[in-house]
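All chains, full assembly: derive it from the sequences and hints.
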Amino acid sequence: HEVIGRCIFGQLNKLQKCKTIAKVTNIQCRNISISQRLLGVKYFTEKHEWVEVNGEVGTIGISEFAQDQLGEVVYVQLPEIDTELELGQEAGVLESVKAASEVYSPISGVVTEANTALEDAPKLVNDSCYEKGWLYKMTIREPSELDHLMKEEDYLKFIKD
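First residue of the sequence shown: 1, per the UniProt record's numbering; consecutive thereafter.
Where hints are given, some of them may not hold.
[Unchecked claim] Think about it this way: if two alpha-carbon atoms lie no more than 20 Å apart in a straight line, the pair counts; the simulated EDC-like pairs of lysine to aspartate or glutamate are: (1) 137 x 154; (2) 132 x 84; (3) 160 x 68; (4) 137 x 147; (5) 42 x 68; (6) 47 x 120; (7) 42 x 131; (8) 132 x 119; (9) 132 x 145; (10) 42 x 154; (11) 42 x 145; (12) 42 x 72; (13) 151 x 56; (14) 137 x 82; (15) 42 x 153.
To be clear, the hints were calculated from the coordinates, so they are not data collected in a lab.
Since this is a predicted model, take the numbers as computed values, not measurements.
Structure (structure tokens):
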């Protein structure tokens, strides 16, 4: 017998042929929908924190605009692992040569990881705020909270005003 199939996630968009040895007795098909929330989209707060969503985990940091306003970051206080944070709750502190600024949780959930590299190299927040300078990761307890945050294009308009 010859079976023709298509890769679900579009990685191999061409139809593939394969020879089957065993008889297929039960074929199930289902429609799979992937939300944008699962694809690494960044959301921003009015206080300049961002959260990048990957499945049920959010990575949190401060925006390029925020790090530029702060100046050179010299100290980072991060939340402890297993800390439960509510939306808007203070999660940490960044100190710079200009000022100190609180970091607020953009979503509710439990902290699963802190970027300990920032303890020895807080300047990573300035040099790479979206990649190496992220602050902490947490589970996303209420995905609907993301609906109240700005997508990147809206955030860029927000900081221009």
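The hints, checked one at a time:
This hinted pair does not check out: residue 137 and residue 154 have alpha carbons roughly 23 Å apart, beyond 20 Å. Of the supplied pair hints, the one linking residue 132 and residue 84 is violated, its CA atoms being roughly 24 Å apart against a limit of 20 Å. Taking the CA atoms of residue 160 and residue 68, the gap is near 14 Å; set against the 20 Å cutoff, the hint holds. For the hint pairing residue 137 with residue 147, the CA-to-CA distance comes to about 19 Å; that is within 20 Å, so the pair holds.
Distance hint between residue 42 and residue 68 is fulfilled; the C-alpha atoms sit about 19 Å from each other, no more than 20 Å. Restraint check: the Cα-Cα separation between residue 47 and residue 120 comes to about 25 Å, which exceeds 20 Å; the hinted pair is violated. Among the hinted pairs, residue 42 with residue 131 is consistent with the structure: their alpha-carbon atoms are about 12 Å apart, no more than 20 Å. For the suggested pair residue 132 and residue 119, the alpha carbons sit about 13 Å apart, so the restraint of at most 20 Å is met.
Between residue 132 and residue 145 the alpha-carbon distance is near 25 Å, which puts this suggested pair outside the 20 Å criterion. Of the supplied pair hints, the one linking residue 42 and residue 154 holds, its CA atoms being roughly 11 Å apart against a limit of 20 Å. Straight-line distance between C-alpha atoms of residue 42 and residue 145 comes to about 13 Å, which keeps the hinted pair within the 20 Å bound. For the suggested pair residue 42 and residue 72, the alpha carbons sit about 23 Å apart, so the restraint of at most 20 Å is broken.
Using a Cα cut-off of 20 Å, the hinted pair residue 151 and residue 56 holds, with the two alpha carbons roughly 18 Å apart. Only pairs whose Cα atoms come within 20 Å are accepted, and residue 137 paired with residue 82 is accepted, the gap being roughly 11 Å. A hinted pair counts as satisfied when its Cα atoms are at most 20 Å apart, and residue 42 with residue 153 qualifies at roughly 10 Å.
Figure legend: structure checked against the earlier numbered hints; hints not met, in rising order: 1, 2, 6, 9, 12.
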